[in-house]
Amino acid sequence: MTNERLTKKKCGPAYFLCRCLLMLSFLTTFSQNENNPFIPGKIPDGFVYAQTPEYYGTYRHPQKNGTIYDYIDGGGEVYIKHGFHSVTHIILKKETTTTAQENPKNQDTITLDIYQLGSAENAKAAYADEAICPPGFSEKNIGAACKTYHYEPDYLIYFIKGKYLIYLGLSNDTLTETLTQFAEEIYKTL
Amino acid sequence: MSRKLTRRAFIKSGTQTIAALGAAVGTFSLLKGALAGAAPVKSRVILAQDPKAINQRNQCNQEEVAALFNKTLLALTGAADSAHAWAALGLVPNDVVAVKVNCNTWTLDLRPHQELVQALCRSLNSVIALNQIIIYERSNSDLEEGGFKINKTGTGVRCFGNDDGGGYHPQEKLTRIITDTASKIINLASLKCVESDFGVSLFLKNHIGSLMNKDMSKCHGDPDFLAEVNARPSIKNKTILNLCDGLRGTYRRGVPWYWAGIIMGKDPVTSEYAAIQVINEKRRMENLPILEIPDHLRIAEKKYQLGTWNPSKIEILKI
Numbered sequence: 001m002t003n004e005r006l007t008k009k010k011c012g013p014a015y016f017l018c019r020c021l022l023m024l025s026f027l028t029t030f031s032q033n034e035n036n037p038f039i040p041g042k043i044p045d046g047f048v049y050a051q052t053p054e055y056y057g058t059y060r061h062p063q064k065n066g067t068i069y070d071y072i073d074g075g076g077e078v079y080i081k082h083g084f085h086s087v088t089h090i091i092l093k094k095e096t097t098t099t100a101q102e103n104p105k106n107q108d109t110i111t112l113d114i115y116q117l118g119s120a121e122n123a124k125a126a127y128a129d130e131a132i133c134p135p136g137f138s139e140k141n142i143g144a145a146c147k148t149y150h151y152e153p154d155y156l157i158y159f160i161k162g163k164y165l166i167y168l169g170l171s172n173d174t175l176t177e178t179l180t181q182f183a184e185e186i187y188k189t190l
Numbered sequence: 001m002s003r004k005l006t007r008r009a010f011i012k013s014g015t016q017t018i019a020a021l022g023a024a025v026g027t028f029s030l031l032k033g034a035l036a037g038a039a040p041v042k043s044r045v046i047l048a049q050d051p052k053a054i055n056q057r058n059q060c061n062q063e064e065v066a067a068l069f070n071k072t073l074l075a076l077t078g079a080a081d082s083a084h085a086w087a088a089l090g091l092v093p094n095d096v097v098a099v100k101v102n103c104n105t106w107t108l109d110l111r112p113h114q115e116l117v118q119a120l121c122r123s124l125n126s127v128i129a130l131n132q133i134i135i136y137e138r139s140n141s142d143l144e145e146g147g148f149k150i151n152k153t154g155t156g157v158r159c160f161g162n163d164d165g166g167g168y169h170p171q172e173k174l175t176r177i178i179t180d181t182a183s184k185i186i187n188l189a190s191l192k193c194v195e196s197d198f199g200v201s202l203f204l205k206n207h208i209g210s211l212m213n214k215d216m217s218k219c220h221g222d223p224d225f226l227a228e229v230n231a232r233p234s235i236k237n238k239t240i241l242n243l244c245d246g247l248r249g250t251y252r253r254g255v256p257w258y259w260a261g262i263i264m265g266k267d268p269v270t271s272e273y274a275a276i277q278v279i280n281e282k283r284r285m286e287n288l289p290i291l292e293i294p295d296h297l298r299i300a301e302k303k304y305q306l307g308t309w310n311p312s313k314i315e316i317l318k319i
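From first to last, the protein sequence lines are chains A and B.
Heads up, the first sequence stops at 190 in the working numbering, and the numbers go up one at a time, no gaps.
Heads up, the second sequence stops at 319 in the working numbering, and the numbers go up one at a time, no gaps.
Chain B with its partners taken away, still in its complex shape (with noise of 0.2 Å):
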């Protein structure tokens, strides 16, 4: 059927359609504006302490341990109870949740203290099965040096290195413990300054101990490997919470403080600026000049946008 086109009826259409576009335009300018209205959503980290926690003999209170696990949690998140604030941070039931711990130490003992991890654990099994968690580090005998006993069986927490956990993703060049099994990622790093290039060992240097061992080395001298590494896809899509154990921790390399807590956040990089700001905290009270923002973290917030350090954009809550 043809149909033929009046100047009045191209005329009408032609109003309507700019009417349409200008509605268009109008609803966009509004939303905008009420975008811009809205209080930006800040970056939330937690530093939570308890004395009670620990004692100056590096022995945990399990309870209290536990305890400041969970209200952390809940303070992070804002939610009623643990199941609530795992399903907040994007945990569902048929997650399997590699936990990255960081067992790599020499001259004092920093590896993650065993209480919070279980906290850690039982918090997690609110959601999932425990055989759905899986602790990992490089490899066997650094978990077994930090205490950890190794199983692959099908019951209760898993825990094993890199070295048994089915070789190493081609494309990531990431262990397969979380390319390939994990669906979701914890980063469970130690509080340590380490005073060199890197000024301090926390949450996006942990993840060397993700990479093949021929790659590890690659990251001294250059930082901005170290931020790419955690820019990789697994690393970055998956972590759903940045932990660090500060119950002890180092203020200046092998110099160890009992800072009695533990830092939390969803943003590895906001994550990182506030445990540094726990360290150059104790490390004014030692008159000892503060530790300069690592450039890792620099090029982590600025060219691979894993998060911000930016003051104005975060929150940090002390409980």
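Excised from the complex, chain A in its bound form (with noise of 0.2 Å):
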């Protein structure tokens, strides 16, 4: 191939499209790392961030904060068996009291983690499976079915939307109606 043949096919419409897919591609990781869509537009009233969102990603692609094994070790195995992707993690607290200054345990939070799984099978599947969401739940609409969990004081939601498992968990259930409103605003705007 003469150097006349290269330049010509390096100036292509379809070298250029190929670029534009490229660019496009790096934005979009770099986006989806840095700057993540299922970040909540909302929170609830009186919740701050406890701390900068967390990502979690695979041994094959880590993400900004590690891998999911960094994020909850050996619990970690039964995601990975449902195509885990990645998982954004986020913790609200209630703005500070005296009691949680005392102890931190006093401290009301809300966590949440959104799973990004490959696929809707995948969330499927993993949403049926007891090893994560285990049987003796409650359901409810938020949109769309959600299993609950009363654990006193704990209270948990988990739902499925496209190929997102999220899971919701509220460290003190006398907010249990904010925790299901915020959850029917993740699943509008997710």
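I should point out that these hints are in silico values taken from the structure, not numbers from a laboratory.
Nothing here was measured: the structure is a model prediction, and the numbers come from that model.
Note that beta-carbon positions come from the ideal geometry of N, C-alpha and C, so glycine has one too.
All the pointers check out, no bait thrown in.
Chain A is faced by these chain B residues, among others (derived, beta-carbon under 7 Å): (1) Gln56; (2) Arg57; (3) Asn58; (4) Asn104; (5) Trp106; (6) Ser196; (7) Phe198; (8) Ser217; (9) His220; (10) Arg253; (11) Gly254; (12) Val255; (13) Pro256.
Ranges of calculated distance between the beta carbons of each label pair, as one might list FRET restraints: (14) Lys124/A - Asp81/B: 54 to 62 Å; (15) Asp129/A - Lys214/B: 25 to 33 Å; (16) Ala128/A - Ala129/B: 53 to 61 Å; (17) Gly118/A - Ala129/B: 50 to 58 Å; (18) Gly46/A - Gln56/B: 21 to 29 Å; (19) Gln56/B - Gln181/A: 24 to 32 Å.
Using the supplied hints, reconstruct the complex from the two chains, each of which is provided in its own coordinate frame.
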């Protein structure tokens, strides 16, 4: 192949399109890591971010904060089984109260984990897996059916949307309604 | 001076030698017989419960937890008070004690209760200064999430993560907190059923958090590695107590209950076995299949001689 042909080929529309697609793919990846689209736009009144959101991936594709094992150690195996790609981990806390200052265990928190499992089928299978969603749940509607668990003083919600499995955990069950509304908001906007 | 050995002298000295050897063998036989006659010392573990120690909202009563801890320690050692109990466990006044807590938790709060940690530290304080105690986990952020305050000052109980603990020992590949800084270790696990390849997350798995991050994942699917970590000299030789926070635990993955107790033993294998029995007791009540003895525990006993779970060699006391 001559230099002239090579130059023509490089400047052709197909080459240009490929470059654009590559750039788009890079930007998408970059924006998912640094400006994650799954960060909820609205968080419950009176709550603030306890820490910056964390992102965990797989061994092959670790995210900003490492792999799922860095987050939940061996507990991550079951998610791997269901096609785990990444998880966004967010902790919100109620604006500080005196009792929380005295004992951090009195701090009301909401934990939000959004697992990206690659496909809607994987998410459904994970949702049906008793190792993730054990029996003994009550069903609720937050726009779709969800599984709720009341383990005093904790209140947990699991639901799926597309390829995502969402877990919400509340450390103080007197705020159950707040968590339900937050779940509805996430379901709508995700 | 030359010395001629006569036939009589030879026979005499030979007879004396044989007599001496015979006496030694006889003494050895007697000693062997006496040892065989004595009841073998069993590996003791204490299961202690107090329903007043915690309520159904995961709130502890500090006094009750402290009393529960103290009576368990005395029952384990047979000592009359804390100072003697710690001495029986090998603690000496110049020791630095590293306490490995497990703050790695998700979906449910199963991190160690502060009231239990305080009871432990107060009790240790009967022998060593509070500043000679180090609460550690793999990172400062894990500790903070678990409700601990980072403290590297010269006052009070010290508390920091491996990421702030001076790095890792090049041979043992464990945090320098336990290889270099501490002279004794207390393994403070949480009562957790995880139902994966490990079945449980108790004493042996707790030391995954003593490894450098890149080695942590090696435990998954490799029970031998997990047992071997616990056989590394610093962990094997420095650990004086295994304590499990069972005030709130899980009997199946992600499902909690208030067992309202603690488990305490010197032998990590016996202690883990006893904790599995506690979980299995609850699983039977809930009509769930019981957990088998996990491979890492079998390997810890057979290959690394870290202790025993043989029921004929252990003594489980419920108080």
